[in-house]
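With the hints as extra help, turn the sequences into a complete structure.
Next come the chains, spelled out residue by residue.
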Amino acid sequence: MATPVRPTEKAGSAPRSGREPGRWAGLAARLRPRATFARHALLALVALVVVVLLLELTGPFRNSQFATMSYYAIAAAGLTVLTGLNGQISLGHGALMAVGAYTAGLLLPAGIPLLVVLVIAAGVTAVVGVIVGAAASRLKGPYLAGATLAFAVAVPGLAIHFDEALGGEQGLAVPSPRAPEWFADAVYFLSANETSSAKYLAYVGWTVAIVAFLLLANLAASRIGRIWRAVRDDEVAAELAGIRLSPVRVLAFTVSAACAGLAGGVLGVVVRLAAPTGFTIVLSISLLTAVVLGGLGSLFGAVLGSALLVFLPPAVTNLGASAGLSDVQSAQLAPFVYGAVLILVILLAPGGVVGTVRARWHARTTAPAEAPEERTGRS
Amino acid sequence: MLQFVNTLLTGLGQGAVYAAFALALVLIWRATRVVNFAQGAMAAFTTYLALLVVESTGSWWVGLLVALACGLVLGAGVERVVVRRVGPHNELGAVIVTLGLFVALQALASILFGAQFRSFPAPAGLEGFSVGGVTVALTPSMLITIGAVAVVLLGLVALFRFTDVGLRMRASAFDGEVARLLGVPVGRMLTLGWALAALVGSLAGVLIASGSLVWPAYMDTVIVNGFVAAVLGGLDSPGGAVVGGLAMGVILALVTGYVGADLVPLAALAVLVAVLLVRPQGLFARTAARRV
Chain A
1 MATPVRPTEK AGSAPRSGRE PGRWAGLAAR LRPRATFARH ALLALVALVV
51 VVLLLELTGP FRNSQFATMS YYAIAAAGLT VLTGLNGQIS LGHGALMAVG
101 AYTAGLLLPA GIPLLVVLVI AAGVTAVVGV IVGAAASRLK GPYLAGATLA
151 FAVAVPGLAI HFDEALGGEQ GLAVPSPRAP EWFADAVYFL SANETSSAKY
201 LAYVGWTVAI VAFLLLANLA ASRIGRIWRA VRDDEVAAEL AGIRLSPVRV
251 LAFTVSAACA GLAGGVLGVV VRLAAPTGFT IVLSISLLTA VVLGGLGSLF
301 GAVLGSALLV FLPPAVTNLG ASAGLSDVQS AQLAPFVYGA VLILVILLAP
351 GGVVGTVRAR WHARTTAPAE APEERTGRS
Chain B
1 MLQFVNTLLT GLGQGAVYAA FALALVLIWR ATRVVNFAQG AMAAFTTYLA
51 LLVVESTGSW WVGLLVALAC GLVLGAGVER VVVRRVGPHN ELGAVIVTLG
101 LFVALQALAS ILFGAQFRSF PAPAGLEGFS VGGVTVALTP SMLITIGAVA
151 VVLLGLVALF RFTDVGLRMR ASAFDGEVAR LLGVPVGRML TLGWALAALV
201 GSLAGVLIAS GSLVWPAYMD TVIVNGFVAA VLGGLDSPGG AVVGGLAMGV
251 ILALVTGYVG ADLVPLAALA VLVAVLLVRP QGLFARTAAR RV
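Respectively, the protein sequence lines represent chains A and B.
Per full-length UniProt numbering, the first sequence starts with residue 1, numbered consecutively.
Per full-length UniProt numbering, the second sequence starts with residue 1, numbered consecutively.
One or more of the hints may lead you astray.
Stated by the list, open to error - Short derived list, chain A residues pointing at chain B, Cβ under 8 Å: (1) Phe151; (2) His161; (3) Ala340; (4) Leu347; (5) Ala349.
What the hints assert, rightly or not - Label pairs and their in silico Cβ distance ranges: (6) Pro60(A) / Gly58(B): 50 to 58 Å; (7) Tyr258(B) / Ala173(A): 53 to 61 Å; (8) Thr356(A) / Leu167(B): 38 to 46 Å; (9) Pro60(A) / Arg118(B): 37 to 45 Å.
Source of the hints: derived by calculation from the structure; they are not laboratory data.
Since the structure is predicted, the reported quantities are computational estimates derived from the model, not experimental observations.
Backbone N, C-alpha and C define an ideal beta-carbon position, used for all residues, glycine too.
Structure, rendered in structure tokens:
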């Protein structure tokens, strides 16, 4: 999966590799679409194929894990754009996901189609994001972290206070939509597999995720993405270049919040419940772990990080159980690892996985070369 | 009227704890320009150690001493092993590292001490004094809480005002380069600052736990309220932190008493947003320097 996504990550370096083309690099450059959108669309198509293969080749348990991974990936993508490209940290994304999940839980029983509900969930959360982002746009670093932390702690209280509408401590049951007939037929035609509910939700989640990633990748490569990066790198220089900081920050926060809301909506239908205990501060920090580990600002890194959030907890819980810890104790091993990962990544490899690999790659490709063909041929 | 007075008194008692916690945040902010989001988890950890000691010795005061000593060591260790390696001018990195410490320490506390609720004994009675035949919500334990915070505040003022070590610490926080040129061991001063802050944080942890329940996440709301209190007073001002803490205690007690306990975090958020929008440097900050 690493190779197809690479071109997005290295979009900026395309002219350089075109200047001294090896045989293979030349071929690859000729086959690669010139337009950014075409390149991203091609990648989205490849990702879709990968998703179909993964979901059809694995069983129901893995399917439900992939469904979980899809909403983590959407939320992490939104956060990585906000923190990595615009330099704003947010500990409130867990709470924003709660907004999306509760919106889905309130609208789905009314018989509104799932996709419409997800779009509305994203929209409602985006409105919340405008408000939070407007307050956040004046804040930096620790102040911003503290304010979004206060937001994250406050939102679950709302669900408990308005318990008649929002279900209080028990939460709000979210009806899980069934797969439509044509969809089950299509899957059966493709792989002769039955469509379980988990598989349908995983397909929905990943389709939404791929669309969200496509939009985010285009946005990041556009003028808006460049402005976000300019504000992140040097506020004063950006202001001198005629950029007004506050609207830019609010826009970044809104886009990011919309992603969190979309993720929350998917979470609602996958988990079938929106409850205050599901949106603790630990959720926000685990999203942060995902994007920091994957590499701040990298969409592919967000996918890697969300894989960690899904596949690590069962692994360490088993490890803990076999080391003689009780269930409750081993369940806490996952957050412990998240915290340790956050610290270690910042101290040892601040670029995360993608950043570190990319730095190594650049160091190799820009080193004085004796045999450029051989090196590029390996790519 | 009586209910109002009692709410106010409860608020002041809680506020004293927020003040101590805000003070811990301010100490670290002044020394290293880091907001220590792990403060709550560190305090919860030392409170658990204190609980073990209290349960085995039966003495609340020995438990407090153990918590303070452990806080001192933990703070110094965290600064030396983790925070120092983040490097200066890495605001985002420092925030992320303290958040990592927060989650890791909280999880470690549940692994080591269990995730269930445990009751922490109070230092003295929890019965309110009676004034003219009416029982008010002022208890001997509350007096100890307020007294302890006052002693710590005066101790810190004395340390920073009247001692050489305090002067060196202020110099290192003000300008590390210059202080180093003048022969101040800046690194050691920063470690000392973190150790002292963690000590004050541990005090807050034990005080808020006393006569109430302890569980690994019991400091979560205190982190938020302490942070809001510190920002309210101005992150640079220890006196402001105390006033901010008391104010937060009273505001939140009023919200609890007259609106609903579930909305307390929302009230804290509202106060924070209001302060940041109207007077971001805090009520007591002297300078409003913009750091580019």
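Outcome of the hint check:
Hint status for Phe151(A): holds, given a least beta-carbon distance of 6 Å to chain B, under 8 Å. With its C-beta approaching chain B no nearer than about 4 Å, His161(A) sits inside the 8 Å limit, and its interface hint holds. The interface hint given for Ala340(A) holds, since its Cβ lies 5 Å from the closest Cβ of chain B, which is under the 8 Å cut-off. The restraint placing Leu347(A) at the interface with chain B holds, with a minimum CB-CB distance near 5 Å, inside the 8 Å limit.
About 12 Å separates the beta-carbon of Ala349(A) from the nearest beta-carbon of chain B, more than 8 Å, and the hint is not met. Between Pro60(A) and Gly58(B) the beta carbon distance is about 55 Å. The supplied range of 50 to 58 Å therefore holds. For Tyr258(B) paired with Ala173(A), a C-beta distance near 33 Å fails the hint of 53 to 61 Å. As the Cβ distance of Thr356(A) to Leu167(B) is approximately 43 Å, the hint placing it in 38 to 46 Å holds.
Taking 37 to 45 Å as the suggested C-beta distance range, the pair Pro60(A) and Arg118(B) conforms, at roughly 40 Å.
When held up to the earlier numbered hints, the structure conflicts with 5 and 7 and fits the remainder.
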